[in-house]
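The task is simple: from the sequences and hints, build the whole structure.
Number of protein chains: 2
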Amino acid sequence: MKLAIDAMGGDHAPKEIVLGAMKAVEAFSDIHIILVGDETKINEHLLRHDRITVLHTDEVILGTDEPVRAVRRKKNASMVLAAQQVADGKADACISAGNTGALMASGLFVVGRIEGIDRPALSPTLPTIDGKGFLMLDVGANVDAKPEHLLQYAIMGAIYCEKVRGIANPRVGLLNIGTEEKKGNELTRQALELLKNANINFIGNVESRDLLEGAADVVVTDGFTGNMVLKTIEGTALSVFKMLKTALTSSLKSKLAAAVLKPDLVKLKNTMDYSEYGGAGLFGLKAPVIKAHGSSNAQSIFSAIRQTREMIENDVTGLIEQTIKKLDTEMDKM
Amino acid sequence: MKLAIDAMGGDHAPKEIVLGAMKAVEAFSDIHIILVGDETKINEHLLRHDRITVLHTDEVILGTDEPVRAVRRKKNASMVLAAQQVADGKADACISAGNTGALMASGLFVVGRIEGIDRPALSPTLPTIDGKGFLMLDVGANVDAKPEHLLQYAIMGAIYCEKVRGIANPRVGLLNIGTEEKKGNELTRQALELLKNANINFIGNVESRDLLEGAADVVVTDGFTGNMVLKTIEGTALSVFKMLKTALTSSLKSKLAAAVLKPDLVKLKNTMDYSEYGGAGLFGLKAPVIKAHGSSNAQSIFSAIRQTREMIENDVTGLIEQTIKKLDTEMDKM
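Chains as they are written, first to last, in my numbering: chain V, 24 to 357; chain A, 24 to 357.
These aren't lab readings, by the way, just hints derived from the structure by calculation. Please read these numbers as outputs of a predicted model, since none were measured by experiment. Careful, some of the hints might be misleading.
Identical copies go unnamed one by one, so any copy, or any two together, can satisfy a pair.
Result set (SDA-like, lysine to any residue): computed pairs, CA atoms no more than 20 Å apart in a straight line [claimed, not checked]:
| no. | residue 1 | residue 2 |
| --- | --- | --- |
| 1 | 205 | 87 |
| 2 | 290 | 335 |
| 3 | 265 | 288 |
| 4 | 265 | 290 |
| 5 | 276 | 287 |
| 6 | 268 | 232 |
| 7 | 268 | 191 |
| 8 | 285 | 69 |
| 9 | 113 | 99 |
If you want it as structure tokens, here you go:
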């Protein structure tokens, strides 16, 4: 299988992207990687490998670029060309650690949606305290969502969890402000009814305070709420760690004790680091499009490649397509 | 001034409620407290005091009661009678650590709204890492909100912060999924325009990841999002502390080091404990109605009483009423 990777996206591009790609071709003998970006800069880090090719381009989308406009105007940007490789059938999937909005636009305009999917969903795997993690979608591909979109998110999330994360019969929860059925707003109340009747292991409403405790394997929500909750989790965890650091360096005595605990604390911080769980998939597109974390190092890129490879191997896209088609047929019959 | 307090609400009622009330009458010579609840149980903890009276009732609203129905049917419940004291002019404000939904219903149906206020807002003060805290509203009094409601929340929050929290010209932020003006959903985009033109120190959109860093003094949002973010902050902080505890007890060496750090860690946990910041006001009612935390101890009840006293002393209700009236007149002229 062939993966197109935007070599210029992310805080540590192209070095860490190239290193991650080299690590991946060593680990997986069935993948071929196309690195898209500035050939000279890429070659500074790339050791020749017969399963890595470079597609040169000077253009790049910046983190500060307005996403939709950038994708439309910078047709030769490394990210857009990586997506184009997929659209042209020259790659089976693409990965970028660059501008999230621009990657969503590239996915939508260049790769295209699966027939029957109204809205793609950005779907990261977030940490839980038991280290198993959970999938949350949508975290911001679309700010407004209808109940039917949440049903599609649930189906896509369940397929991904089963096929790629290896969770049999994954528990799907609807993110809400209470567990009782009548809780929430119009959207959650209507979505609940749809989800209850869907062919998934729906466990009802889940509350945001229980997410890190592993309340569900797949957590479904609209993009506005999902983005808000994602950023709240990140921000709260970071703030607590910052306060912890201040507390642990407040006196010589504290510093000495903290030094003893350092390995435990680093391990703890890593558990909360969701770049360990691979990238965020943009589900609902005609091929896997994966957003790796902006601060990705070689290891995160390697994880994203492994994840993408499993999505292809297990034909997640094909399964989503068939399931949505079946669902639409059933709905038509009703 | 007179405060009616539901002596039967909360996990540690009536003991901690009574102890908190006794502490408050010692500290503040200008308050008179009416404890509403089971006289026999209250008297087990109450030392006679000429500024504490007991209003007896057997009935009580439980945490499991359906809020609106409970308030309508249990007319003699301690919480409802406390609100009735306010409605009858026998108390200036009321406090309860009981069922949040029932207290909101009591506030709305028994105490009543300020003229011109469409929706009351539940408004807790949450912790920041610098210990100053920020006010967030609404966190769940109303799941759906219109842009005009968010404007009213902003005005009420700014008045409260200035008068009770002593913050001159408080910074008001709109909770959103990005800081750029065009970010967000229909509600945030429309609210942003209203807030920009309001007579407050509006600083624009703020992101949930920056809340604990003190991004704003007053954070305005709809009740669904606010409740979601509140519970995410609580849940994430608790989960991180739980993981920390596991890490610190993983070996004998860790345990010894952790023992040295215990005072620092307890202090850290207390900074994150928002019961320290008093109760959550239900803003927009004809008198202060304060929800103390369900797990309130005597100290939290004391904080809630001090806060309520300052709301009365600074006539927060009157100021909100006048400001909203002026705003409505200005709107009519446009």
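Hint check:
| no. | hint | result |
| --- | --- | --- |
| 1 | 205 with 87 | between (42 Å within a copy, 15 Å between copies) |
| 2 | 290 with 335 | neither (31 Å within a copy, 50 Å between copies) |
| 3 | 265 with 288 | both (12 Å within a copy, 13 Å between copies) |
| 4 | 265 with 290 | both (16 Å within a copy, 14 Å between copies) |
| 5 | 276 with 287 | both (18 Å within a copy, 11 Å between copies) |
| 6 | 268 with 232 | between (24 Å within a copy, 18 Å between copies) |
| 7 | 268 with 191 | neither (39 Å within a copy, 31 Å between copies) |
| 8 | 285 with 69 | neither (34 Å within a copy, 49 Å between copies) |
| 9 | 113 with 99 | within (16 Å within a copy, 74 Å between copies) |
Checked against the numbered hints above, the structure breaks hints 2, 7 and 8 and satisfies the rest.
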